[in-house]
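Got chain R; can you put chain D on it based on the hints?
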Amino acid sequence: MPPRTKKAERQSPTMSLESVRRLAGLSRLNLTASEEERLLSEFSSILEYFKVLDRSAGPAEDGPTVTPANLRRDEVGPSDGDGVMKGVPRRKGRLVRAPRVF
Amino acid sequence: MAEISPSVAELVRRVASQEVSCEEKTIHRLARIPRIDRDIHAFLHLATDRATKKAREIDRRAKKGERLGRLAGVAIAVKDNICVSAMPATCGSKILEGFVPPYDATVIQRIEAEDGIVLGKTNMDEFAMGNTTQASAFGPTKNPWNLERVPGGSSGGSAAAVSAGMSTLALGTDTGGSVRCPASFCSVLGLKPTYGTVSRYGVIPYANSLEQVGQFARRVSDLALLYDVVSGHDPRDSTSVTSPKARKSSGGFKGKRVGIVTEFFGEGTKDGVRRKVLDASEKFREMGAKVEETHVESMEYALAAYYVIAMAEASSNLSRYDGVRYGASTEKGTADWNAAFAKTRTECFGPEVKRRILLGSYVLSAGYYEAYYLKAQSARGLLRRAFEKAFKSYDILLGPTMPVLPPRIGEKVTPLEDYMIDINTVPANLVGLPALSIPAGFVEGLPVGMQLMAPHFGEHLLFEAAQSYEDAVGVPGAKE
Chain R
1 MPPRTKKAER
11 QSPTMSLESV
21 RRLAGLSRLN
31 LTASEEERLL
41 SEFSSILEYF
51 KVLDRSAGPA
61 EDGPTVTPAN
71 LRRDEVGPSD
81 GDGVMKGVPR
91 RKGRLVRAPR
101 VF
Chain D
1001 MAEISPSVAE
1011 LVRRVASQEV
1021 SCEEKTIHRL
1031 ARIPRIDRDI
1041 HAFLHLATDR
1051 ATKKAREIDR
1061 RAKKGERLGR
1071 LAGVAIAVKD
1081 NICVSAMPAT
1091 CGSKILEGFV
1101 PPYDATVIQR
1111 IEAEDGIVLG
1121 KTNMDEFAMG
1131 NTTQASAFGP
1141 TKNPWNLERV
1151 PGGSSGGSAA
1161 AVSAGMSTLA
1171 LGTDTGGSVR
1181 CPASFCSVLG
1191 LKPTYGTVSR
1201 YGVIPYANSL
1211 EQVGQFARRV
1221 SDLALLYDVV
1231 SGHDPRDSTS
1241 VTSPKARKSS
1251 GGFKGKRVGI
1261 VTEFFGEGTK
1271 DGVRRKVLDA
1281 SEKFREMGAK
1291 VEETHVESME
1301 YALAAYYVIA
1311 MAEASSNLSR
1321 YDGVRYGAST
1331 EKGTADWNAA
1341 FAKTRTECFG
1351 PEVKRRILLG
1361 SYVLSAGYYE
1371 AYYLKAQSAR
1381 GLLRRAFEKA
1391 FKSYDILLGP
1401 TMPVLPPRIG
1411 EKVTPLEDYM
1421 IDINTVPANL
1431 VGLPALSIPA
1441 GFVEGLPVGM
1451 QLMAPHFGEH
1461 LLFEAAQSYE
1471 DAVGVPGAKE
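Protein sequence lines, in the order shown, are assigned to chains R and D.
Quick note on the numbering used here: the first sequence kicks off at 1 and runs consecutively.
Quick note on the numbering used here: the second sequence kicks off at 1001 and runs consecutively.
Looking at chain R on its own, in the form it has when it is part of the complex (with noise of 0.2 angstroms):
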């Protein structure tokens, strides 16, 4: 979870270009420039719409939860290696093949 700001936003903060190109960044998506404009454009009245919850207040709700009754035991079971395998886009036997770290 992102770190908690000491006093909680009053009011919804608008966007920028600079805020859509680091979140293009953060989503591994690449935008044209033309693209950047117009979904700031769209985010910005989003967003404005988005501004109706600030009238809202009470208990967060986190919808359902899970609880250690939910939970599964921690066991190895069957799993079907060869069935997951087979969908991987580019391999060299059981090793996946994956783009350059460095």
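Everything labelled a hint here was simulated from the structure, so no lab data went into it.
Don't take every hint at face value.
[What the hints assert, rightly or not] Covered by chain D, according to a simulated footprint, are these stretches of chain R (three or more residues, beta-carbon under 8 angstroms): (1) 16-30; (2) 40-46; (3) 71-80; (4) 85-92.
Backbone N, C-alpha and C fix where the C-beta goes; we use that ideal spot for every residue, glycine too.
For chain D alone, kept in the frame of chain R given last:
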């Protein structure tokens, strides 16, 4: 419109008693589908060999007098984000083109254990992000009632398959309305079950805390049967719940309390839709139910809360598509790790998916998490309490499933205008409530759906209401 086909129970009886050859019936159906689907494009993959083989085996067992399953010989279409082994699962995306899951989703195992026949995989908006099925990488599906209109989405292919009589039953997924919307636009029944009652094991995720596998049928008893077959606790899904003891319907709807929710008739609601749904709701009054207008608080937050949470979860779920372990890869050569991921993802994801991944990352990022994501979760809590309060006074809450008629294919709208038509369906996903869209009639020749909502684990109330309505107005026919 074709004549009304028999119920699933009757179809199964005919197969078990050998009045009908399951194999012949299946071959005949599979031969008809390409002809009908040429115009509609509901199916991405037809499993002709597997379906025929299964049908032949059912006939063999029927001949030996063996006990057959509750779905014996019944044709079922499956949305392409639900894993069926040895059948492609594209999620309507180029990034999973060529991916064939090595295993069956729990819902598929349960259907096949009851001798249901999976016909094939149906078209959908890419990764279930959309409400028109136009965002599929493989072309749109058309509405069987008017080929210039959308069937709804994201489970448009499944709804169209049932609507056009190509399949008796179908499975979809509903994250923000993706079963109920196409059910409404295609004039079929579409159920989003209580969160946790249908296993998500083997369902390729978009937004885990919101989605459920939903069911399509033309007849209420068929829908209830399919739900009964696929639902139930699954230890392989950690969000799967054990329902309280199954409740049987009490028969008849007299004395039940129906609340017509004012917030579901907001300013974006088309007049014809408003009138049609209000007329349809009168049927419940005629049956002896107490029907009155009511309000549900905090609804103004629902759409924003849904999109913040859904996009956040989507950005996380779709980070796995890197072109390395499965699916498509467009990276050839020696590009480094990040450049390789970016090339495949850029070339293989569509624009709506990219939009949601980017915004989802934004609302989760440091400095903005509290401004958006936490507030959305807080709104979710408000909405849950608002519905709990409403269900103290009412058994069923009612409104139009969709505020508009099915839009034209290719109609230009902004993303926000598109998101706004989910306004009535998202509350059920945020709170985990069961909700059912039932055909309410036609306006300007286009289908209109009425949405019924019930408390958690209240599917029996929904089926009771819908069955009473069906008894009053009849079973809608397929558009063939």
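Hint-by-hint comparison with the structure:
1. As drawn, the region 16-30 of chain R meets chain D at 9 residues by the rule of a beta-carbon pair under 8 angstroms; at three or more, the given contact holds.
2. Evaluation of the coverage hint for the region 40-46 of chain R: fulfilled, as 4 residues show C-beta separations to chain D shorter than 8 angstroms, against a requirement of three.
3. By the rule of at least three residues with a Cβ nearer than 8 angstroms to a Cβ of chain D, the coverage given for the region 71-80 of chain R holds, with 3 such residues.
4. Chain D is given as covering the region 85-92 of chain R, and this holds because 5 residues of the stretch bring a CB closer than 8 angstroms to a CB of that chain, at least three being needed.
Against the hints set out earlier in the document, no violation occurs for any number.
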